[in-house]
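As given, the protein sequences belong to chains A and B, one line each in that order.
Take 1 as the starting number for the first sequence in this note's numbering and just add one per residue.
Take 1 as the starting number for the second sequence in this note's numbering and just add one per residue.
It should be emphasised that the hints constitute simulated quantities derived from the structure, not laboratory data.
Errors might be hidden in some of the hints.
No farther apart than 25 Å at their CA atoms in a straight line, the calculated lysine to any residue pairs in the SDA-like style are these [unchecked claim]: (1) B:Lys78 / A:Ala96; (2) B:Lys78 / A:Leu317; (3) B:Lys78 / A:Arg324; (4) B:Lys78 / A:Ala210; (5) B:Lys78 / A:Gly273; (6) B:Lys78 / B:Ala220; (7) B:Lys78 / A:Leu314; (8) B:Lys78 / A:Ala323; (9) B:Lys78 / A:Val187; (10) B:Lys78 / A:Trp121; (11) B:Lys78 / A:Ala206; (12) B:Lys78 / A:Gly318; (13) B:Lys78 / A:Leu310; (14) B:Lys78 / A:Ser41; (15) B:Lys78 / A:Ala74; (16) B:Lys78 / A:Leu131; (17) B:Lys78 / A:Thr295; (18) B:Lys78 / A:Leu257; (19) B:Lys78 / A:Val36; (20) B:Lys78 / A:Asn320; (21) B:Lys78 / A:Arg152; (22) B:Lys78 / B:Ser170; (23) B:Lys78 / A:Thr124; (24) B:Lys78 / A:Val179; (25) B:Lys78 / A:Pro300; (26) B:Lys78 / A:Gly47; (27) B:Lys78 / A:Arg125; (28) B:Lys78 / A:Phe271; (29) B:Lys78 / A:Gly127; (30) B:Lys78 / B:Tyr208; (31) B:Lys78 / A:Pro129; (32) B:Lys78 / A:Val209; (33) B:Lys78 / A:Pro319; (34) B:Lys78 / A:Ser258; (35) B:Lys78 / A:Asn301.
Partial list, computed: chain A residues near chain B (C-beta under 7 Å) [said to hold, decoys possible]: (36) Leu126; (37) Pro129; (38) Gly136; (39) Gly143; (40) Ala153.
Glycine included, every Cβ here is placed at the ideal spot set by N, Cα and C.
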Amino acid sequence: MTVPQPAPPPAPQRPARSLLGWETTILALVAVALLVGSTLSDAFLTGANLSNLASNLVEIALIALTMTLVVIAAEIDLSVASIVGMCSALLGVLWAAQVPMGLAILGALGLGALAGLLNGWLVTRLGLPSLAVTIGTLALYRGLAYALLGDRAVADFPPFWTNLGFGLVPGTQLPIPIVAFVILAVVTAALLHATPFGRSLYAIGANEVAARFAGLRVGRTKLLLFVLSGLMSAFAAVVYTFRFSSARADNAVGLELSVIAAVLLGGVSIFGGRGSVIGVIAAVFLIGIIQNALTLADVPNEILTIVTGLLLILSVLGPNLAARVRAARQRRSTLAGPKGGAP
Amino acid sequence: MTTGLSTSDPAGTAPPGLLTRLFRAREASLILILLALVAVTAAVNPRFLSAQSLRDLLLNVSIVALVVVGQTLVLLMKHVDLSVSSILGLTAFLSGSLFVANPGMPIWLAFVAGLGIGAALGAVNGLLVAYGRVPALVATLGTLYVFRGVDYAVVQGGQITASNLPPAFSAFASGSVLGVPSLVLLVLAVMVIFGVYLRSYRSGREYYAVGSNVEAANLAGINVGRRVLTGFVLSGAIAGLAGVLYLARFGTVDAAAGTGLELQVIAAAVVGGVAITGGVGTVAGAGIGALLLGVIGSALVALRAPAFWQQAIQGALLLLAISVDIVLARRAARRVQERSHR
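Excised from the complex, chain A in its bound form (with noise of 0.2 Å):
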């Protein structure tokens, strides 16, 4: 590391050939996935497999747009699974008190926005590291989940919006919440890649201290951040709730794990400034295809753990070791060329 090295010519294109190299590697084995599905079960290619397949999805594809934002920014949500409990029990409460739909769903996000503003404040205002705050508001959110609802379900929810959670586009395969995902991924994308937001997220996520010398509002970003992760969560809890017709308080325990899981897989930097939706959504994909396909070939559930995070540490000690041999095949070419010079 401390070897001398002509900076230049590694510094520019290597960020940018292993972004673009990430992205085409999982996308590539999106493709062999799909494949090796279709060999392994005559059930796999069919619409109606693949649909059930993405339905299952959607609430961690959702809530991963969002933290891709988060972590591009150099900082993580742990608690977005429990604002998934919380939100889908206080749609349950409302409903269960007759509130109108419309507005009981309206509750459920302003909840998850609040929760969101929670962690924000907590972070920027307090200077709190996220990992400390998202820990704490993880036992706050489930708590309080459980404050609403106790044990209880609320089940008898209405055709109309629970055919929204689990119902086909007419017509086509398409779950009718994959379709809001897309709508939510393309602004996401459009948002991260193509907007001076999203590049300052960039530029907050590499070095805070130049981004805000830059003149960037740190602060005021990752506030936003931190609701947007909120909202998008209590928006998941409303899928959750009607896909599944059941708002319990342990609903979608555990799912943080998923999700970061999700958006390591898909590139993203766990430092931060580093990372691409389509990354995310590929490596999301990528996980649920593979977890599907194994299923329909009767592998074992607990080999779909294990694959699950063998892939993830892979997908980062790939890169590393091959960065590794490459600069020491550098190395040794340039110690074996021109003599003397340098220390």
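Assemble the complex: chain A is given as a structure, and chain B must be docked to it using the hints.
Just chain B, lined up with the frame of chain A:
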């Protein structure tokens, strides 16, 4: 290795070192909160201080307090170990299966097996982080899944029950010396060993150096890679020991044992003043953090807080503890800075 240090004289070395430490640093405010909480709870419900309920409290806290020792080593170096819960689950089941396979096996062998398996799993984390350059959050989130998957594959729907275990092993968890459960004494011994090690040994100080400034540590001649690897191996070994104790305490273990424990452990460390940003914290503080969370939990039960509100109150208090701790620390730092400018 260092075991001789504390087992020779646990009562002699522990109290003075611990006491001076407690009243010097952040631990002091935690102790005050703890005492106030205990006093208020005991005033409302005297049964809170009964021998039986104190015993249950200590037993409940001890496993988290043990795992948090290893987590502290890792957090000090600005890393994190999310896989401890999976390591605990896997070692609990594997050491239980050893008893099933050889019913006459001596009990100490289960402890050795737990330590060994845990250390091996921790080494996987350590190699990934130290030499594979995988960020700890990613590496240990990955192994959290992998180890748990292996756990499910090994268990395959079965479970270990108390009837599979030799009576002497289960008796270890319920046994006590001078009224203090032996399980709690074992955890205290580990805490004292690591407390002394981190404070007074060169290699112990290296954890702080690595977490405060990696480059400076490197320039100072510290082998950072080896230190990080050792930290993860120790964290794994301690989680493995905790798995054996979990088995002894609960007797029944299935593949889901310990799920979600990692967040409790990190929460305890953070409340106890171990900084997630590395370089700051003590084993004593982390242990008090675990104790505080445990006391809050059982105080809410003793105060008859409505059952479904307890988790929310606990979450709010956790958040409050983190905030107050950091704000106070920052204010103190600012005061020091102002004084030096004058």
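Hint by hint, here is what the structure shows:
1. B:Lys78 / A:Ala96: violated, 47 Å
2. B:Lys78 / A:Leu317: holds, 19 Å
3. B:Lys78 / A:Arg324: With Cα atoms ~23 Å apart, Lys78 of chain B and Arg324 of chain A stay inside 25 Å; holds.
4. B:Lys78 / A:Ala210: Distance ~22 Å between Lys78 of chain B and Ala210 of chain A Cα, so the pair holds.
5. B:Lys78 / A:Gly273: holds, 19 Å
6. B:Lys78 / B:Ala220: holds, 18 Å
7. B:Lys78 / A:Leu314: Between Lys78 of chain B and Leu314 of chain A the Cα gap is close to 22 Å, so the pair holds against 25 Å.
8. B:Lys78 / A:Ala323: Holds, because 24 Å separates the two Cα atoms, which is no more than 25 Å.
9. B:Lys78 / A:Val187: Violated, at roughly 35 Å.
10. B:Lys78 / A:Trp121: holds, 24 Å
11. B:Lys78 / A:Ala206: Roughly 18 Å separates the two Cα atoms, so the pair holds.
12. B:Lys78 / A:Gly318: holds, 23 Å
13. B:Lys78 / A:Leu310: holds, 23 Å
14. B:Lys78 / A:Ser41: violated, 45 Å
15. B:Lys78 / A:Ala74: holds, 15 Å
16. B:Lys78 / A:Leu131: holds, 12 Å
17. B:Lys78 / A:Thr295: violated, 38 Å
18. B:Lys78 / A:Leu257: holds, 20 Å
19. B:Lys78 / A:Val36: violated, 40 Å
20. B:Lys78 / A:Asn320: Distance of about 20 Å is within 25 Å: holds.
21. B:Lys78 / A:Arg152: violated, 41 Å
22. B:Lys78 / B:Ser170: violated, 37 Å
23. B:Lys78 / A:Thr124: holds, 21 Å
24. B:Lys78 / A:Val179: violated, 41 Å
25. B:Lys78 / A:Pro300: violated, 36 Å
26. B:Lys78 / A:Gly47: violated, 47 Å
27. B:Lys78 / A:Arg125: holds, 23 Å
28. B:Lys78 / A:Phe271: holds, 13 Å
29. B:Lys78 / A:Gly127: holds, 18 Å
30. B:Lys78 / B:Tyr208: holds, 9 Å
31. B:Lys78 / A:Pro129: holds, 12 Å
32. B:Lys78 / A:Val209: holds, 20 Å
33. B:Lys78 / A:Pro319: holds, 23 Å
34. B:Lys78 / A:Ser258: Given that 25 Å is the threshold and the Cα spacing comes to 23 Å, the pair holds.
35. B:Lys78 / A:Asn301: violated, 34 Å
36. Leu126: With a minimum Cβ separation of about 6 Å from chain B (threshold 7 Å), the hint on Leu126 of chain A holds.
37. Pro129: holds, 5 Å
38. Gly136: Where the cut-off is 7 Å and the nearest Cβ of chain B is about 4 Å from Gly136 of chain A, the hint holds.
39. Gly143: Holds, about 3 Å.
40. Ala153: With a minimum Cβ separation of about 14 Å from chain B (threshold 7 Å), the hint on Ala153 of chain A is violated.
In summary, the numbered hints that this structure violates are 1, 9, 14, 17, 19, 21, 22, 24, 25, 26, 35, 40.
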